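Residue numbers (my numbering), protein chains in the order written: chain A, 50 to 445; chain B, 253 to 339.
Calculated directly from the structure, the hints in this document are not laboratory data.
Hints may be right or wrong, so weigh each one.
Quick list of the computed label-pair ranges, beta carbon to beta carbon [as the list claims (entries may be wrong)]:
1) A:PHE55 / B:SER335: 24 to 32 Å
2) B:ALA320 / A:ARG128: 33 to 41 Å
3) A:LEU142 / B:ALA320: 16 to 24 Å
4) A:ARG128 / B:CYS326: 30 to 38 Å
5) B:ARG282 / A:ASP90: 34 to 42 Å
Not close to chain B: a few residues of chain A, all C-beta gaps over 10 Å, as computed [as the list claims (entries may be wrong)]:
6) ILE86
7) ARG88
8) SER214
9) SER308
10) GLY315
11) ASP386
To give an idea of the chain A side of the interface with chain B (calculated C-beta under 10 Å), a few residues [stated by the list, open to error]:
12) ALA67
13) GLU70
14) GLY79
15) GLY80
16) GLU87
17) ALA91
18) TYR279
All of these numbers come straight from a predicted model, not from anything done at the bench.
Don't be surprised by glycine CBs; every beta carbon is placed ideally from N, CA and C.
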Amino acid sequence: MGALRFLRGELRVDITGAAPEDCLNRFSCGGVEFWAIERVDALHYRVSILKRAQKTAQALAARAFCTLTVCAERGLFCRLRQALRRPVLLFGLPLAVFLAFFLQSFVWTVEIDGCEALHPNTVRYALEELGIAVGARADRIEYKQVRDSLLRLVPELSWAAVNRSGGKLYVSVAERRDTDSNEPPYAAAHLVAARDGVITQTEVAEGMTLCRVGQTVRAGELLVSGVEDYGLYLRAVCAQGEIYGQTWHTQTLVTPANSNVKRYTGQQWTRTTLRFGRKRINLCGNSGNSGTTCDKIGKVRQVRLFGVAFPIYVETEIFREYETYSVEKTEETAKNDLSAAFLRMTEESMIGGRIEQTAYRMRCGGGLYILNGTCTCNEMLARLCPFDPISDGGTP
Amino acid sequence: MKREKRSLAERTAMPEEALRNVPLVALHGRRLACVENHRGIAEYSDTLVRVSVGDGCVCIRGSGLHIARMTRRCVEIRGAIFSAELS
Numbered sequence: 050m051g052a053l054r055f056l057r058g059e060l061r062v063d064i065t066g067a068a069p070e071d072c073l074n075r076f077s078c079g080g081v082e083f084w085a086i087e088r089v090d091a092l093h094y095r096v097s098i099l100k101r102a103q104k105t106a107q108a109l110a111a112r113a114f115c116t117l118t119v120c121a122e123r124g125l126f127c128r129l130r131q132a133l134r135r136p137v138l139l140f141g142l143p144l145a146v147f148l149a150f151f152l153q154s155f156v157w158t159v160e161i162d163g164c165e166a167l168h169p170n171t172v173r174y175a176l177e178e179l180g181i182a183v184g185a186r187a188d189r190i191e192y193k194q195v196r197d198s199l200l201r202l203v204p205e206l207s208w209a210a211v212n213r214s215g216g217k218l219y220v221s222v223a224e225r226r227d228t229d230s231n232e233p234p235y236a237a238a239h240l241v242a243a244r245d246g247v248i249t250q251t252e253v254a255e256g257m258t259l260c261r262v263g264q265t266v267r268a269g270e271l272l273v274s275g276v277e278d279y280g281l282y283l284r285a286v287c288a289q290g291e292i293y294g295q296t297w298h299t300q301t302l303v304t305p306a307n308s309n310v311k312r313y314t315g316q317q318w319t320r321t322t323l324r325f326g327r328k329r330i331n332l333c334g335n336s337g338n339s340g341t342t343c344d345k346i347g348k349v350r351q352v353r354l355f356g357v358a359f360p361i362y363v364e365t366e367i368f369r370e371y372e373t374y375s376v377e378k379t380e381e382t383a384k385n386d387l388s389a390a391f392l393r394m395t396e397e398s399m400i401g402g403r404i405e406q407t408a409y410r411m412r413c414g415g416g417l418y419i420l421n422g423t424c425t426c427n428e429m430l431a432r433l434c435p436f437d438p439i440s441d442g443g444t445p
Numbered sequence: 253m254k255r256e257k258r259s260l261a262e263r264t265a266m267p268e269e270a271l272r273n274v275p276l277v278a279l280h281g282r283r284l285a286c287v288e289n290h291r292g293i294a295e296y297s298d299t300l301v302r303v304s305v306g307d308g309c310v311c312i313r314g315s316g317l318h319i320a321r322m323t324r325r326c327v328e329i330r331g332a333i334f335s336a337e338l339s
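Work the whole structure out from these sequences, hints included.
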C-alpha cells in the first residue's frame, strides 16, 4: 500500500479552521482518500492525501471554511524532480552504472592460490607472458587454453584452474610433488672416481666391484661396473654403492691488504611511488640518487579498502647515503677470512664426507695476502656415469 | 418502502445495517473502535471523539484517541478507549 502511494505521489497537508473535523467529513463524503490523521490542536489537523486529489481537497476545505496548506510532498515524481535539480547526480548515476558493468570486462586483480614452495610471482609472470595482467580484457581470456599454457610454462605445477569473478581473476594451482622413488636414475650406469684418492671404504649394492680398500684411483677410473657378467650372459644395471676415499685439496686464495669499509654519512631521503600495474607514479621524494653511493630499503604495501585489495601498490624506498674508506687488514684477520673461505669452498666441492686435516701457509706481498691451503679429506669418490648398453657396449 | 425493507430483513435474516442506514459500532478490545454508517465527525479531541450517526451521536471516550482511518462508510478510532455510548 505504501509503495503504491509512493508511486502515485502523496501530500502532507495542514487543515486549519474553526471546524477541521467538518473538513474531514467533507473529504470522506467527497471521496478524497486521506490517512495518517494527526490532531495538532483543536483548530489544526494534519493529514496525508493523494497528490491528484489536491484540487478537490482544496475545494472541499474551502466549503468547510478551512484552509489547506501543503507542508510536504513525497512520491516517485517528486524524487525525480529533485534528481533533475542535481546534474552531477543525474550524470553520475548512469556513469556509475555504466562503469560498474564496463569495468567488469577487465582484469583488475589476479589472486593466486595454492603456491607453497613456488613463489606466486612465478605464476604471475607466466600469466603476463600469456597476456593476462592488470587491465587485460577478461572476455578474451580462453580459460582452458590459459590453464594448459600455464602448466606448460611452469613445469613445477601439476594442476591449475583459472576462474573470474567480476574484475578479479582467481588462479588456483597445485604444485608437483616429487615422490621418493627407489627406482635408479638411469637404466645403465657405472660408478667412476670423481677425483684422485685412496679408497678407504666400499659399499656396493648393485654392479660389479672393480676396486678394493687401499687401492689408489685416478679421476675417471671405473670403480663399480654397470655390466654384470654372469658367464653366459651380461646384464646392464645402474651401479649403486658408496665408495669413500682419502683425497687432498690444494687451493691458493688471495685478498687485498686494504679493504673498503662502509660508513653512513647521516644523509637519508625517502621516495614514495604509486604502482598501478606496470605504471609507476612518483608521488614525493627525489627520484634519483644523484650519483652518490647509498643503500636502499624498500617497503611495498597494497592498497586495501574495507578488506578488498586493489591492484595498486604504494612503494616506500629509504635511501641512506654512505662513503667508503680504506682500512688495512691485519694478517690474522686476513688468514681467518681466507681459511674460512677455503674450508667453505672445499666442503661445497664434496658430495659427502668430511675434512680431516688442514694446513695453511700465509704470505704477504704486493699489497696482497696470499694463502696456500691444503687439506686431507675423507669424501665420497663415486659418481654415476650413464652409458648406453647397446651402442657403448659398457664402455664408460 | 421502509416497511418492505424491514420485512425483507426479517424475512431473510440479513443484518439490518446492510439494508438500512443504522449505525454499527464495533469495539476491538480497548484499543480500536469502528463506527460504520456514520455521517461525519462532530467533535474530535484526544479524550473524546463524537461521530454523527443517523439518529444521534456515538461518543467514544478515552485517552490518546486519534482517527486512524476514515472513509465514507466507516471511521476507525484508536487509543485507550474507556467507553462508547449512543446519545
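These are the hints, each one checked on the structure:
1. A:PHE55 / B:SER335: 24 to 32 Å: violated (39 Å)
2. B:ALA320 / A:ARG128: 33 to 41 Å: violated (27 Å)
3. A:LEU142 / B:ALA320: 16 to 24 Å: Violated: the Cβ-Cβ distance is about 38 Å, outside 16 to 24 Å.
4. A:ARG128 / B:CYS326: 30 to 38 Å: This hint holds: roughly 33 Å between Cβ atoms.
5. B:ARG282 / A:ASP90: 34 to 42 Å: Once the Cβ atoms are compared, 25 Å apart, the range 34 to 42 Å for ASP90 (chain A) and ARG282 (chain B) is violated.
6. ILE86: violated (5 Å)
7. ARG88: Non-interface label fails for ARG88 (chain A): nearest chain B Cβ at 6 Å, not farther than 10 Å.
8. SER214: Holds, because the least Cβ-Cβ distance between SER214 (chain A) and chain B comes to about 50 Å, which exceeds 10 Å.
9. SER308: holds (96 Å)
10. GLY315: About 79 Å separates GLY315 (chain A) from the closest Cβ of chain B, which puts it past 10 Å; holds.
11. ASP386: holds (97 Å)
12. ALA67: Constraint on ALA67 (chain A) not satisfied, violated at 13 Å.
13. GLU70: holds (4 Å)
14. GLY79: holds (9 Å)
15. GLY80: holds (7 Å)
16. GLU87: Cβ of GLU87 (chain A) sits 7 Å from chain B, so the hint holds.
17. ALA91: Since the shortest Cβ distance to chain B is 7 Å, the answer is holds.
18. TYR279: violated (110 Å)
Checked against the numbered hints above, the structure violates hints 1, 2, 3, 5, 6, 7, 12, 18; every other hint is satisfied.
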